[in-house]
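Enquirer: Protein sequence lines, in the order shown, are assigned to chains Y and A.
Per my numbering, the first sequence runs over residues 11 to 207.
Per my numbering, the second sequence runs over residues 36 to 290.
The reader is advised that the hints may include incorrect statements.
Derived Cβ-Cβ restraints for the label pairs, each shown as a range [claimed, not checked]:
| # | chain 1 | residue 1 | chain 2 | residue 2 | range |
| --- | --- | --- | --- | --- | --- |
| 1 | A | 153 | Y | 158 | 41 to 49 Å |
| 2 | Y | 69 | A | 153 | 23 to 31 Å |
| 3 | Y | 144 | A | 150 | 39 to 47 Å |
| 4 | A | 36 | Y | 111 | 24 to 32 Å |
| 5 | Y | 197 | A | 95 | 29 to 37 Å |
| 6 | Y | 72 | A | 283 | 46 to 54 Å |
| 7 | A | 89 | Y | 135 | 52 to 60 Å |
| 8 | A | 153 | Y | 138 | 49 to 57 Å |
| 9 | Y | 206 | A | 150 | 37 to 45 Å |
| 10 | A | 65 | Y | 35 | 34 to 42 Å |
| 11 | Y | 132 | A | 215 | 38 to 46 Å |
| 12 | Y | 135 | A | 169 | 53 to 61 Å |
| 13 | Y | 18 | A | 230 | 29 to 37 Å |
| 14 | Y | 121 | A | 96 | 38 to 46 Å |
Here are the simulated lysine-lysine pairs, DSS-like style, with alpha carbons at most 30 Å apart [claimed, not checked]:
| # | chain 1 | residue 1 | chain 2 | residue 2 |
| --- | --- | --- | --- | --- |
| 15 | A | 153 | Y | 122 |
| 16 | A | 167 | A | 184 |
| 17 | A | 184 | Y | 27 |
| 18 | A | 167 | Y | 122 |
| 19 | A | 170 | A | 184 |
| 20 | Y | 116 | A | 170 |
The set of hints was computed from the structure by calculation and includes no laboratory data.
Beta carbons: idealized from backbone N, C-alpha and C, even for Gly.
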Amino acid sequence: MIAVVDYGAGNLTSVMKALAHLQAEAAITRDPNVVGSADKIILPGVGHFSATSILEREGLKSAILRGVERGVPFLGICVGMQWLFESSTEAPGTDGLGLLAGACAKFPDAVKSPHVGWNSLVCHDGSRLLRGISSGAFVYFTHSYSAPVVPATVARCEYGGEFSAAVERDNLFGVQFHPEKSGATGLRLLENFCDLS
Amino acid sequence: MLTKRIIACLDVNAGRVVKGVQFQQLRDAGDPAELALAHSEAGADEVVLLDISATHEGRATLVETVRRTARELFIPFTVGGGIRSLEDATAVFEAGADKISINSAALADPALITRIAKRYGSQAVIVAIDAKCIKGDARFEAYVSGGRKPTGRDAIAWAREAEDRGAGEILLTSMDRDGTGTGFDCELTSACSDAVRIPVIASGGGGDTQSFVEVFRDGRADAALAASIFHFGLRQLGNLKQELQSAGIAVRWPC
Chain Y
11 MIAVVDYGAG NLTSVMKALA HLQAEAAITR DPNVVGSADK IILPGVGHFS
61 ATSILEREGL KSAILRGVER GVPFLGICVG MQWLFESSTE APGTDGLGLL
111 AGACAKFPDA VKSPHVGWNS LVCHDGSRLL RGISSGAFVY FTHSYSAPVV
161 PATVARCEYG GEFSAAVERD NLFGVQFHPE KSGATGLRLL ENFCDLS
Chain A
36 MLTKRIIACL DVNAGRVVKG VQFQQLRDAG DPAELALAHS EAGADEVVLL
86 DISATHEGRA TLVETVRRTA RELFIPFTVG GGIRSLEDAT AVFEAGADKI
136 SINSAALADP ALITRIAKRY GSQAVIVAID AKCIKGDARF EAYVSGGRKP
186 TGRDAIAWAR EAEDRGAGEI LLTSMDRDGT GTGFDCELTS ACSDAVRIPV
236 IASGGGGDTQ SFVEVFRDGR ADAALAASIF HFGLRQLGNL KQELQSAGIA
286 VRWPC
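I would like the entire structure built from these sequences, with the hints used as guidance.
Expert: In structure tokens, the structure reads:
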């Protein structure tokens, strides 16, 4: 069972709909015990980085960390991916999970913000999450802050500079874009995640 | 590269798409769910469902229509028309909308923008502005109630306020051009695009490929909306994107 973590940030319907389309067994939950015993964990997220502080308060952060340490595949979407980093200038007092080094930051003033719409990926070889998805594929973004390119980056995107569109390290996965809103490309990515063992 | 978006708009009355032309490949040309999916497959970057039901009974079907339409749609899906409160917005989000669009209700109670943005994020809130050129003046006035009532508000100043209050995008309709097919109002669109940092969706007047090229290039629009079933058939949506690409406009094609 895939635990889709509900921490009061935005709207989880779209992610659940995409998982239902893929016939994956999934449940929305905010119960640390359910998260801790799930086969896979998805942390969706739209909205403010500070909303992730709820994860710590409700015991979800430690449940997620326990799962990740056990080798359970984890996918963070949008703010859920940014949370894997150390921090974000959006909420200076809120710590991320810190499993990836670096801080998320606002787009430069030279470009409109938020970055909304379909942008293309530059994919690195060997990603399990991006199997069957090549450079040039379009995916849907909506965000005002972005994560730096790091060794775990498996897809980059260009908007006022390069940023991490997807990260992957062992059982840890994250995407800045919304796979549940990215047409066939996004469904393929979610299917790849569901197929991980 | 961030691409320019082509957004297909479905006008829905009591759960049925109106203004439709008959598509031979569809079983039911008036079904929003089937039409939304067909547009997504034809290359639309987003779908907007605009409820224009005049009666209370007609409106009551909206949530169910949204639920059915959203079920198999995996591109961004916006719902507008008749959303007057956070509760109305919540019902539509829970039925599967990704964004809502508010117009008259936002002008009547601008704090509504902030309330919805706080709960669902700014990316989920589109403020729609119906603007009309003031005769003998280079300014534009915002109208409400489906373009029937002038507000005395400057449309561009209102767009800026909407951004400050938490809107994530502006859907800007030129009432002078709407339904004419004579091209978008690039003057209006560029004035708005320069005044705000959030994306501007141009609407009203979309016709041939050149009109889309102009609104992206001269109007500096981030997206263009068309009641596509009214203006072009499904096959033409792909043609439009191919032609835009040939004209040097970055679009998501092939999808």
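Enquirer: For each hint, tell me whether it holds in the structure or not.
Expert: We went through each hint and held it up to the structure:
Separation of residue 153/A from residue 158/Y is about 28 Å and departs from the stated range, judged on CB atoms against 41 to 49 Å. The beta-carbon spacing between residue 69/Y and residue 153/A, approximately 25 Å, falls within the hinted interval of 23 to 31 Å. Under the hint 39 to 47 Å, the C-beta atoms of residue 144/Y and residue 150/A, about 42 Å apart, fit the expected range. Taken as a hint, the range 24 to 32 Å holds for the pair residue 36/A and residue 111/Y, whose Cβ atoms sit roughly 28 Å apart.
In this structure the hint that residue 197/Y and residue 95/A lie 29 to 37 Å apart at CB holds, the actual value being about 32 Å. A beta carbon spacing of about 52 Å between residue 72/Y and residue 283/A agrees with the range 46 to 54 Å that was offered as a hint. Distance hint for residue 89/A and residue 135/Y: a CB-CB separation of about 57 Å, consistent with the stated range 52 to 60 Å. At about 37 Å, the beta-carbon gap between residue 153/A and residue 138/Y misses the expected band of 49 to 57 Å.
Range check, residue 206/Y to residue 150/A: about 39 Å between beta-carbon atoms, so the 37 to 45 Å window is met. Range check, residue 65/A to residue 35/Y: about 35 Å between beta-carbon atoms, so the 34 to 42 Å window is met. Checked against the hint of 38 to 46 Å, the pair residue 132/Y and residue 215/A passes, with Cβ atoms roughly 41 Å apart. Between residue 135/Y and residue 169/A the Cβ separation comes to about 58 Å, which falls inside the hinted range of 53 to 61 Å.
For residue 18/Y and residue 230/A, the hinted distance range of 29 to 37 Å is satisfied, since their beta carbons lie about 33 Å from each other. Judged by the Cβ atoms, the range 38 to 46 Å given for residue 121/Y and residue 96/A holds: they are separated by roughly 41 Å. Pair hint residue 153/A plus residue 122/Y holds up; C-alpha atoms about 21 Å apart against a cutoff of 30 Å. Our distance criterion of 30 Å between C-alpha atoms is met by residue 167/A and residue 184/A, whose separation comes to about 11 Å.
For the hint pairing residue 184/A with residue 27/Y, the CA-to-CA distance comes to about 39 Å; that exceeds 30 Å, so the pair is violated. Between residue 167/A and residue 122/Y the alpha-carbon distance is near 26 Å, which keeps this suggested pair within the 30 Å criterion. Restraint check for residue 170/A and residue 184/A: satisfied, since their Cα atoms lie roughly 16 Å apart, inside the 30 Å limit. This hinted pair does not check out: residue 116/Y and residue 170/A have alpha carbons roughly 41 Å apart, beyond 30 Å.
Hints 1, 8, 17 and 20, counting from the list given before, are not met by this structure.
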